[in-house]
Amino acid sequence: VAGRIVFIAPFPKAQVSGGIKTVYRHAEILAGAGFQTFIYQPDGHPTWFESRARLIPRLFETAEGDVLVFPESLDGPIAELARQPTPARKVLFVQAHAYALLQEVPPGQFLGFTHFAAPSEIAKGFLQRVLRFPDVAVLPCIVDPVLFAPHTKRPLIAFLPQKRTREAIILRSLFQLKYPALKSVPWQAIENTPERETAMIFGAAQAVLALPWVESFGLVPLEAMAAGAVVVGFDGYGGKEFATTRNGLWLPPDHFEETADALARVLTQWDTPFFAAMREDGAATAARYNREAATAVLQAFYGSLM
Amino acid sequence: VSGRVIFFYPFSKTEITGGIKTVYRQAELLADAGIEAMVFQPEGHPVWFQSRAKLLDPARFKVTPEDVLVFPEALSGQIGDMARAPMTAKKALFCQNQYYMTTHALTAEPGFARHFAGIAAPSTVAAGFLERVAHLKDVAVIPCAVDPAVFAPGEKRMEIALVPHKLPREAEAIAKIFALKYPEFASVRWTPIEAKSERETAALLARASVFLSLGALESFGLIALEAMAAGAVVAGFDGYGGREYATVENGIWLPQDHLEETADALARIVKGLETGDADILSMRKAGLETAARFTPARTCAALQGFYGRLI
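Chains D and G, in that order, are what the protein sequence lines are. Quick note on numbering: the first sequence equals residues 5 to 310 in our numbering. Quick note on numbering: the second sequence equals residues 444 to 754 in our numbering.
By construction, these hints were calculated from the structure, which means they are not laboratory data. Yeah, the Cβ is synthetic: ideal placement off N, Cα and C, and Gly gets one too. Among the hints, a few may not be true.
[Said to hold, decoys possible] 27 Å max Cα-Cα, derived BS3-like pairs, lysine-lysine: (1) G/K609 to D/K244; (2) D/K25 to D/K244; (3) D/K244 to G/K624; (4) D/K157 to D/K187; (5) G/K624 to D/K94; (6) D/K17 to D/K167; (7) G/K714 to G/K599; (8) D/K167 to G/K609; (9) D/K94 to G/K619; (10) G/K533 to G/K464; (11) D/K244 to G/K619; (12) G/K609 to G/K464; (13) G/K580 to G/K599; (14) G/K456 to G/K609; (15) G/K714 to G/K619; (16) D/K187 to D/K244; (17) D/K167 to G/K619; (18) D/K17 to D/K94; (19) D/K182 to G/K619; (20) G/K624 to G/K714; (21) G/K533 to G/K456; (22) G/K609 to D/K182; (23) G/K619 to D/K187; (24) G/K619 to G/K639; (25) G/K619 to G/K609.
[Unchecked claim] Taking beta-carbon pairs under 7 Å as the criterion, some of the chain D residues facing chain G (in silico): (26) E84; (27) L105; (28) L106; (29) S177; (30) L181; (31) V218; (32) Y241; (33) L255; (34) P257.
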């Protein structure tokens, strides 16, 4: 393949976000499939996960046949880059459609994007209906089954409080108040934690509390499922892509008491056939988001652009 | 009746919460019913609404065994210390946010209910939560009231009113989705209500045709009901506590993460009002009827029942 693919990701290397990780995984897959693929992240490789993707410290002169892939956060320097004339094709990969609405430059064709992508059918539909994008490709996220795998399980609730800090505090105190017998169960907050450590915690946790805001997809619950935890909480809307009554205890985002009840159910009924089946279904759900499936889709999408 | 009901509310006078206003209204209603009632708010009367409720002079703060000292759910710091302190007066707890209450130190102390001779909440939703989660017994319900003299329909304009402070991101996202998806309604004005007095709020609701409800973690959610009383058609989130009054007849209620559907609901209402859609008009009527059920008289009867047995 003659052209080059460059993912524009000028984020701080310490920034933890599933979107950044997904871009690195896509770059690895594309490189493995024979595409010349680079990531433009001048601050250096993210500190919190490992990847074989190739980084470039500065953007080279682009040529016809090259593809630049932009994130939806079209603020500041990213917006500047998006505005610059280039012979390359420009793709907008929207991994957080709700956040895309909340920034200075709303994503749109006027910045010269010719192709659009999102990580889910949910986000695709939103982008087509609300932002009137003509066509949107769905480029799947990937769950690494080697990294995210079950270990020896123990009563442990893992959670990522970053997007709903206040709610996490309330849920924990509510849970401990209603279920004093479960007060000794540790709550493990995952904050700025390296991916390997997150995977270890998920691997040991019986329950992972999902506390997303509005997601385009929501990778964390799938990683928890792959690690054999029962997922309890909110699907962040984007998680409707994979969340079912069989693979987790999903609740509307204002159902706090019911969420605490669901956590208690997991911890007190862990060994029951119901939760064995739920873990199995969760593992099968996560397994659908594999490297092979993503490779085929990514090859088809980027292959058609070059 | 010899004892007094003293609401212990040492909050800032500029703090705007429905809970503070509710307590002042309760003090007024109790006084009207012949029970001496007052609010202890050393900083002075809240600046953003008017009330006939008596304030207790902080220099003369002294209680007798006949008095009832009413605490809010914010049982930390000075409020928590007072609630714990032995005193001659009886103590009551009026919990207007069951969720936040769980995070206060005193709530987690075993047997914390022993400090209170009576416990009340503004809704059956909150009372049930307190009984199940905090293991409290016999939580009384003292419903909120909507003052029909203050909240009433005025001359309507095609405006969407909203109180964004609890869910600012959702408010912004919904407004943007609405603008992008429904350019035909670009002339519809959005009126955020922020740091407004009660009278200003009532005036804005009176002229708004639509109200976007952005309730979150509510024990009741008074503002959506006040919007109904003002004749606005409501769409949005009930904040869970709003289940006390939210029905499919009186509003378009959606889960808090259904941002696009909420924008769709607002558009449906705007269009329905423009075309005289019978469903939307009947929704407004149902809203007015719902709000009218929350009368000061009903609140007064509940207050008399609760405090009558404590004094």
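To see whether the hints hold, each was checked on the structure:
1. G/K609 to D/K244: Holds. G/K609 to D/K244 sits at ~25 Å (cutoff 27 Å).
2. D/K25 to D/K244: holds, 21 Å
3. D/K244 to G/K624: Between D/K244 and G/K624 the Cα gap is close to 22 Å, so the pair holds against 27 Å.
4. D/K157 to D/K187: holds, 18 Å
5. G/K624 to D/K94: holds, 24 Å
6. D/K17 to D/K167: Measuring from Cα to Cα gives roughly 19 Å; hence the hint holds.
7. G/K714 to G/K599: OK: G/K714 and G/K599 at ~15 Å, within 27 Å.
8. D/K167 to G/K609: holds, 15 Å
9. D/K94 to G/K619: With a Cα-Cα distance of about 25 Å, the restraint between D/K94 and G/K619 holds, given a limit of 27 Å.
10. G/K533 to G/K464: holds, 23 Å
11. D/K244 to G/K619: Roughly 22 Å between the alpha carbons, so the hint for D/K244 and G/K619 holds.
12. G/K609 to G/K464: Holds, at about 17 Å.
13. G/K580 to G/K599: Violated: G/K580 and G/K599 sit about 46 Å apart, past 27 Å.
14. G/K456 to G/K609: holds, 19 Å
15. G/K714 to G/K619: Given that 27 Å is the threshold and the Cα spacing comes to 18 Å, the pair holds.
16. D/K187 to D/K244: violated, 31 Å
17. D/K167 to G/K619: holds, 21 Å
18. D/K17 to D/K94: holds, 24 Å
19. D/K182 to G/K619: Not OK: D/K182 and G/K619 at ~39 Å, beyond 27 Å, violated.
20. G/K624 to G/K714: holds, 14 Å
21. G/K533 to G/K456: holds, 26 Å
22. G/K609 to D/K182: Holds, at about 26 Å.
23. G/K619 to D/K187: Violated, at about 43 Å.
24. G/K619 to G/K639: It holds: about 24 Å lies between the C-alpha atoms, which stays within 27 Å.
25. G/K619 to G/K609: holds, 18 Å
26. E84: violated, 22 Å
27. L105: With a minimum Cβ separation of about 4 Å from chain G (threshold 7 Å), the hint on D/L105 holds.
28. L106: holds, 6 Å
29. S177: holds, 4 Å
30. L181: holds, 5 Å
31. V218: holds, 6 Å
32. Y241: Where the cut-off is 7 Å and the nearest Cβ of chain G is about 4 Å from D/Y241, the hint holds.
33. L255: violated, 10 Å
34. P257: D/P257 check passes; min Cβ-Cβ to chain G is 5 Å, inside 7 Å.
Checked against the numbered hints listed earlier, the structure breaks hints 13, 16, 19, 23, 26 and 33; every other hint is satisfied.
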